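Keeping their order, the protein sequence lines are chains A and B. Position 226 of the first sequence, counted from 1, bears residue number 226 in this note's numbering, the numbering being contiguous throughout. Position 201 of the second sequence, counted from 1, bears residue number 201 in this note's numbering, the numbering being contiguous throughout.
Source of the hints: derived by calculation from the structure; they are not laboratory data. Remember, it's a predicted structure, so these values are computed and weren't measured experimentally. Heads up, a few of these hints could be off.
As the list claims (entries may be wrong) - Capping the alpha-carbon separation at 25 Å, the derived lysine to any residue pairs in SDA-like fashion look like this:
(1) Lys32/A to Gly37/B
(2) Lys205/A to Tyr221/B
(3) Lys193/B to Phe345/A
(4) Lys82/A to Val105/B
(5) Lys33/A to Lys82/A
(6) Lys350/A to Phe153/B
(7) Lys32/A to Trp189/B
(8) Lys82/A to Phe39/B
(9) Lys200/B to Leu343/A
(10) Lys123/B to Gly119/A
(11) Lys122/B to Lys32/A
(12) Lys82/A to Ser40/B
(13) Lys350/A to Trp189/B
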Amino acid sequence: MKNKVIPLLCFFLLCSHDMYVKMDTFFLEPNKKSVIDLYNGTFEKSENNIDRNRMLDASLLGNGTRYSISDDQWTEKDSITKLHFTTGSAGTWVAGVSTKPRNIEMDADAFNKYLKHDGVLDMLEYRRSNNLLKEDAVEKYSKHVKAIFQVGDKKTNDWSTALGYPIEFIPKSNPYEVNTGDTLQVQLIKDDKPLANQLVYADYKPAKDGHTHTNQEHTHNNENHSHDKASHFHDGKTHSHDDSTNANNEEHMHTSGQTLRTDDKGIVTLKLTADGIWYLRTINLVTTEEAGLTHESNWATLTFEVRHSHDDNDHAHTDKHEQADEMPSYFYWIGSILLIIILFFWFNHKK
Amino acid sequence: MKFKTSQLIVTTLLLCPALVLAHGVSNADQEILNNGGLFSYIYVGAKHMLTGYDHLLFLTGVIFYLNGFKDIITFISIFTIGHCITLIGATYLGVKADEHLIDAVIALSVFYKGFENLGGFKKLQIKSPNLLFMVFIFGLIHGFGLSTRLQSFDVGTNQFLAKIISFNIGVELGQIIALIPIVIIITQWKKRKSFEAFYKSANTYLIIAGIGLFIYQLYNYFGTP
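I would like the entire structure built from these sequences, with the hints used as guidance.
Below you can see the structure in the form of structure tokens.
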């Protein structure tokens, strides 16, 4: 029995659950009811809900005020934990969730695979170079996730305010004052200090009818918008880290998109190559002397949306699409009625 | 006057794609699905059918062609079986096509029906295909279009089949709600002298609408260079 349970358990531990704060759109109207999704799984698919008692902090920050989210604002649906809230006044807002630490035991093989699959390559290399690949691990982990969203048109500076999480991404400029084709610098802070030499992965979910910027060239691919990471989406794949009851054998990577490394100031420079919802993720995993543990990890993600500039004449065709989408219903109303009436009179007269 | 003006206006509105402001996926619908359980899928399915002018235009064309309530039931049932097969099957299996391309083919079905109703095949001295067979084929195509639409929603994985079936039930309810006034108007108008003009004008409109929708969908598919 034990022989069957251990491999199964290793399986569960093989891959991890990233956590993301997501929205259908990160551009909201002031004082309107909205929903924020908390995904625990991949960016595309949430595998399980997050219990409220697991949240150390859940906050909204806007116009200089931090609002604590109450338990009754959360619901659950299809393994997605949903936050229901009413947007406040216009500004650039921040939503954040920080979870309590949990411990997890892994045998050496499972731990190595997890490091590889989740892109914790520095620790994997450390184990390899120090001949530790056969060492089992007991890891304490916690997750600290943020989203920056824009309410109305007014830009405010809340994006630059640290939520005080053990680890967090903080942009160096407002993500809603940059556009597709621009770069964005983001600083990684751990325990209030810049975290240097840390691997960070950045990727995006393309917007429908969005734009792509590659080497300064502008392309438009309509709704079948493509980019070089089609294999990234993981719908239907299952993997587990903590609570999930799903697992399978598939090789699974969480490291698609841009691979970045923080500089001495803890800063990465992200190329915003396409319209869409962008996300950064990192796992800072270190050894620890804490009793009963071998490692401690802090996970961070940051999510925001990027759109193309409308100032550039080269981009005007998207507006044409919007007009094309809006025109027909109005056009049909009048055109169809007139057409049938005219045709009716014509055929009736002809008779 | 050989017809009632009010009758013409009501019919025009029923045929008019203008009633269909939201053929595509909207955030509002997604929000309804997120929060409303299986009934929300019935609602969105019915709404889609009621606002999905291309489906209704095709069915209107079919009804124009038929004589007798029994024929109407038979053909609508065949159409329903066809679209249920692809709506449930394609959604469950995750098979989909570009929504503009599939809508372009559906637009051609609208054109086809208007063309056939106006004796297009006869004028070309071509034997028209068996209508029951064609209605079944077009039912499959329309169902695939409905499936593509459903798949553009974030449906989730819980109760997946139940959600598809609920959406399908909604589509059928919407179809019934839309067809009742269409059948009544067409069958009642048949008794009037102005029916011939109404028949020609409505079916000419189907041809024009079919071509227009076809071009519109292709325009959206290829986009602006």
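Fill in: List of violated hint numbers, smallest to largest
4, 6, 7, 10 and 11
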